[in-house]
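There are 2 protein chains.
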Amino acid sequence: MAIPIVFASLSEPKSYQSFLKMAKADLSEATAKILPILAAVHLEGDTALRKFTNQFDGIALESITLDPQSIKTKIPNNVAEAFLVAKANIETFHKAQMRQDWSIKVDGNTLGIKYTPVPSLAVYAPGGTALYPSSVLMGTIPAIIAGVKDIQLVTPPQKEGLPEILIWLAQILGIKRIVTVGGAQGIAAAAYGTESVPKSEFIVGPGNVYVAAAKSYLSGQGLIGIDSPAGPSEVCIIADETANPMWIACDMLSQAEHGEDSSAILLTTSKMLAEAVSKELEIAFQIRPKRLAMKQKAIYENSGILVFSKMEECIAFSNLLAPEHLEIQTKDPYFEFASIEHAGSVFLGRYSPVAMGDYISGTNHILPTAGGSRIYSSLGVDTFLKRVTYQEVTKESLNKLYPYVKLMSELEGLDEEHGTSVKVRYEENI
Amino acid sequence: MAIPIVFASLSEPKSYQSFLKMAKADLSEATAKILPILAAVHLEGDTALRKFTNQFDGIALESITLDPQSIKTKIPNNVAEAFLVAKANIETFHKAQMRQDWSIKVDGNTLGIKYTPVPSLAVYAPGGTALYPSSVLMGTIPAIIAGVKDIQLVTPPQKEGLPEILIWLAQILGIKRIVTVGGAQGIAAAAYGTESVPKSEFIVGPGNVYVAAAKSYLSGQGLIGIDSPAGPSEVCIIADETANPMWIACDMLSQAEHGEDSSAILLTTSKMLAEAVSKELEIAFQIRPKRLAMKQKAIYENSGILVFSKMEECIAFSNLLAPEHLEIQTKDPYFEFASIEHAGSVFLGRYSPVAMGDYISGTNHILPTAGGSRIYSSLGVDTFLKRVTYQEVTKESLNKLYPYVKLMSELEGLDEEHGTSVKVRYEENI
Numbered sequence: 094m095a096i097p098i099v100f101a102s103l104s105e106p107k108s109y110q111s112f113l114k115m116a117k118a119d120l121s122e123a124t125a126k127i128l129p130i131l132a133a134v135h136l137e138g139d140t141a142l143r144k145f146t147n148q149f150d151g152i153a154l155e156s157i158t159l160d161p162q163s164i165k166t167k168i169p170n171n172v173a174e175a176f177l178v179a180k181a182n183i184e185t186f187h188k189a190q191m192r193q194d195w196s197i198k199v200d201g202n203t204l205g206i207k208y209t210p211v212p213s214l215a216v217y218a219p220g221g222t223a224l225y226p227s228s229v230l231m232g233t234i235p236a237i238i239a240g241v242k243d244i245q246l247v248t249p250p251q252k253e254g255l256p257e258i259l260i261w262l263a264q265i266l267g268i269k270r271i272v273t274v275g276g277a278q279g280i281a282a283a284a285y286g287t288e289s290v291p292k293s294e295f296i297v298g299p300g301n302v303y304v305a306a307a308k309s310y311l312s313g314q315g316l317i318g319i320d321s322p323a324g325p326s327e328v329c330i331i332a333d334e335t336a337n338p339m340w341i342a343c344d345m346l347s348q349a350e351h352g353e354d355s356s357a358i359l360l361t362t363s364k365m366l367a368e369a370v371s372k373e374l375e376i377a378f379q380i381r382p383k384r385l386a387m388k389q390k391a392i393y394e395n396s397g398i399l400v401f402s403k404m405e406e407c408i409a410f411s412n413l414l415a416p417e418h419l420e421i422q423t424k425d426p427y428f429e430f431a432s433i434e435h436a437g438s439v440f441l442g443r444y445s446p447v448a449m450g451d452y453i454s455g456t457n458h459i460l461p462t463a464g465g466s467r468i469y470s471s472l473g474v475d476t477f478l479k480r481v482t483y484q485e486v487t488k489e490s491l492n493k494l495y496p497y498v499k500l501m502s503e504l505e506g507l508d509e510e511h512g513t514s515v516k517v518r519y520e521e522n523i
Numbered sequence: 094m095a096i097p098i099v100f101a102s103l104s105e106p107k108s109y110q111s112f113l114k115m116a117k118a119d120l121s122e123a124t125a126k127i128l129p130i131l132a133a134v135h136l137e138g139d140t141a142l143r144k145f146t147n148q149f150d151g152i153a154l155e156s157i158t159l160d161p162q163s164i165k166t167k168i169p170n171n172v173a174e175a176f177l178v179a180k181a182n183i184e185t186f187h188k189a190q191m192r193q194d195w196s197i198k199v200d201g202n203t204l205g206i207k208y209t210p211v212p213s214l215a216v217y218a219p220g221g222t223a224l225y226p227s228s229v230l231m232g233t234i235p236a237i238i239a240g241v242k243d244i245q246l247v248t249p250p251q252k253e254g255l256p257e258i259l260i261w262l263a264q265i266l267g268i269k270r271i272v273t274v275g276g277a278q279g280i281a282a283a284a285y286g287t288e289s290v291p292k293s294e295f296i297v298g299p300g301n302v303y304v305a306a307a308k309s310y311l312s313g314q315g316l317i318g319i320d321s322p323a324g325p326s327e328v329c330i331i332a333d334e335t336a337n338p339m340w341i342a343c344d345m346l347s348q349a350e351h352g353e354d355s356s357a358i359l360l361t362t363s364k365m366l367a368e369a370v371s372k373e374l375e376i377a378f379q380i381r382p383k384r385l386a387m388k389q390k391a392i393y394e395n396s397g398i399l400v401f402s403k404m405e406e407c408i409a410f411s412n413l414l415a416p417e418h419l420e421i422q423t424k425d426p427y428f429e430f431a432s433i434e435h436a437g438s439v440f441l442g443r444y445s446p447v448a449m450g451d452y453i454s455g456t457n458h459i460l461p462t463a464g465g466s467r468i469y470s471s472l473g474v475d476t477f478l479k480r481v482t483y484q485e486v487t488k489e490s491l492n493k494l495y496p497y498v499k500l501m502s503e504l505e506g507l508d509e510e511h512g513t514s515v516k517v518r519y520e521e522n523i
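Which chain is which? The protein sequence lines are A and B, in order.
Take the first sequence: its letters are residues 94 to 523, numbered as in the working numbering.
Take the second sequence: its letters are residues 94 to 523, numbered as in the working numbering.
These aren't lab readings, by the way, just hints derived from the structure by calculation.
It is possible that some hints are incorrect.
So the derived list for chain B, only partly shown, Cβ under 8 Å to chain A, looks like this [said to hold, decoys possible]:
no., residue
1, Asn182
2, Val199
3, Pro212
4, Gly220
5, Thr222
6, Glu350
7, Glu353
8, Phe430
9, Ser432
10, Asp451
11, Gly455
12, Gln484
13, Val498
14, Leu500
15, Glu505
16, Val517
Now the stretches of chain A that chain B is said to cover, found in silico as 3 or more residues with beta-carbon under 8 Å [to be verified]:
no., region
17, 122 to 131
18, 391 to 405
19, 442 to 456
20, 471 to 477
21, 503 to 517
Mimicking DSSO-like on lysine-lysine, the simulated pairs with C-alpha atoms at most 30 Å apart in a straight line are [said to hold, decoys possible]:
no., chain 1, residue 1, chain 2, residue 2
22, B, Lys383, B, Lys372
23, A, Lys488, B, Lys493
24, B, Lys292, A, Lys167
In this text, a Cβ means the ideal position worked out from N, Cα and C, and glycines have one as well.
Can you build the whole structure from these sequences, using the hints too?
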C-alpha cells in the first residue's frame, strides 16, 4: 500500500474528481437518536439531565452546575505557562478583529452600524480521549473580546472528577459556570435552558456525532447559533521542489492523527517531491507506529498526491477543494496565496505547520470543514458580533426623497400605509 | 375592537409575556410538500423544472434562463430616477462596509485576515402580488460590492412576460442571467444546478412559505448559505410624550400592511400617547380601508401598546423582544439607542419611519425576524465575505514556541504527529 499519486490536469476533471469528494459527516442516524433526548430535556429539564447522565455516563449527578472559582486547582507550572502564552497570542490576534461603530452621511441622512455581542454562549468541551483544552481557549476568547456577557462551559462529568486543566482554564478565562452534562443532553440543556442551566443563544465547540447532530438540528430550528457544522479534519498542501518532503509527510500525518476519515491532499508540480513524500510517509509509519491502522487508512484511502503541470493548476484545484487548512510551502508563498479564494486557515512557508495554529500562534482552530470555507469563515470575534444598522433621517432629506418613496411604494402595492407614513411627515408644514 | 393597551412592569413578567411571543413561520408542513420537488430537480434537472412550471404556473417554458441585456425595456423616467437614487444610496452605505485585508505581528509571527467573497449568489424575487423590486436592490448590491462574481436572479415566469422593472433592474445591476423558475423548484435549481442553471452557493431574497422552506432545508443540509430565516414582519416603537401619535399609527400600519400575522408593538411611558395612538389607528382604518380586515387582524391580535413607568423598562423590553425594526421617537433618541442591544435596523427620531429604510435611505431591508436579531445581523457586505485567516511563522518563533506545543500536544494525546510536525522543524539545525 502507498498513498495514491495521480498526474492530474485541470482540463480533465476525471483525473482529480475523486479527490474533491471530501468526507462529510452524515448526521441523519445520530439525529434520529438524539431527537427524543432533546424533547425530554425540553419537557423535563433537570430531571432528564440526571436520567441521561445516569444512563450514558453511569454517574448520579449531585449538582448539575459548578462554579469553577470555588475549586482548588494545581496545574504544573510549565503547562500553565504554555496555556498562558497561547491565551495571550489568541487574545492579541482576536483583539485586532474587534469592530468600531461608525456612521456616515448618505444623501443628507446619518446612516451607521453599531456592533453588539450575542447575549450568551455555551462552549462545549468533550471528555475522555477527546479532551482538547486548546479548543476551550479558541471558543471562549473571541466571545469575551466581542463582549458576550454570559458564557458557560458544558462538558461531560467524569467518575474521577472533571480534568483539573478544564477547571483551571475556566478560572483564568473568567467562566462563571460549568455545566457537567455531556452529549446531546448537554447541548439541549444549554439550548432550551433548565431549572439549573440558563439558556445560551449560541453554542460552539467540537464534540462527537451526537453533539454535532444536536447542534445542527437546534440551529436549523432557529433556536441557537452555532459555529459552522464540523466534519472530519482535512489539510491541503501546495508545495514546490523547494519544500522538505519529510516535513510535509509530518504535516499530512498531523491530520491523519485525528481519525481514519481525515484527509491530507498534497498538490505539487514536482514529481520528485511527490515520490519523496510518499516514501517519507512509509518511513513515518515505521518509526511512529502509534495508532498506525487509523493513520494508514486516512492516508491510503482518504488522501492523495496530485501532480499538476503548473502551479496555477494547483491553486485552482485548491480553490475547488476549499480546504479547512491550507499550507503553502513554495519559494514565495505569498505569491500563490494572492490567488487563494477559499480556505479556512492558511499557513505560509516552511515554518508554519498547522500544529502551530492549532495550539499557540494565535489564529483560531475552529474552522469550516468539507468545503464549507466556500461560504463560511473560521471562528472569530465577528462570529459573536451583530451589525445593528441605524439611521436618522432629516426633515429636508425626507422632503426631497418622499416623491421617490411614493412611486416605489405604489409600484409594490404598499403605498396606502408605507407611502402614507412618509407622506404625513412630508405634509407636516404644508 | 381596539389595539390592546397594557400597563406593564418589568418585575411582573405576566404583564408583558404574551407580547414577547412573536409569530414564527411554521415551515414543517411546507417542508414536507417541497421535499419531493427538491429531489426531482436534483435528479431530473431541467426536465423537472419544466414539469413543475407547467404544473404550478401553467406555463410551458421555452428557455429556462434569459439574458436581461438582450431585452429592450422602457421604464418611465420618474420610476427609473427613484430606483437609481435608491441604488446610489444603498451603494454608498454598503461600500462603507467593505473590509480591508490586514495583518499584525504576534509573538514574532505574521498573522492576518484576507477577505474573499462567496463564489456565487442567487437572488430570489417573488412574482405576482409580492413583486418587490426594492428587494432585488437589497439582495444584489451588497454582493456586488463584496465581489461576488456569479449572480443570477431567480423569479417565477409570468404569462404576460416578466415585469419590465425586474428586467431593467437586472440590466442596471449587471446581472447576466435570469432563471425564470419560481417557488421551491426555482430554489432547488439554484442550489443543485441543472443543465441550464449554474449552481449558486448562496441564496437570498424573500419568498412565500415554500421558498422559505426550501431555503431553510437546503441550508440545514449545508448545501447553500442563506440570509436569516424570514418570518412575518414586525416593528417595535419606543416613544415618549414628544412623539406624534398619528405618525406612530401610520408606522404601525406599515407593518400591518404586510400581512395579518405582522406585529407592531408600541412601548411608551405616556398613557396619553398610548390612548392617542389607539384612536389614530381607528381613524386610519376609516380613512384608509384598503385591506382593512388584514390590517385589523394584525393590529388587534398580533400587536399592542405597553405602558411602562420608566423609559429604562421600555428599552429593556425592546432588548427582550429583539425586534426586526425598531423606531425610537423620543426627545433624544440617541440616548435610548445607546442601551439597545438587539435589533435588526433602528430608526431614530421623528423623520425616520421604517419606510425610508425600506426604499431609499440606503440601509438594507433584509433583516432577521422573530427575535433573530439576538444572534443575526441584517444583510450586508459581511454576509458575502469570508475571513480567510493566515499566518507565517518564523524559524525563531517556532524555536521559542516549540516547548509549549510539545506540552500541549502531549496533554491532548496528539504529540506523536502534531508535536512531531513542529519538532522536526525545531531540530532542523541541531
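(request) Any hints from earlier that this structure breaks? Give me their numbers in increasing order, please. (result) 4, 7, 9, 17, 18, 23 and 24
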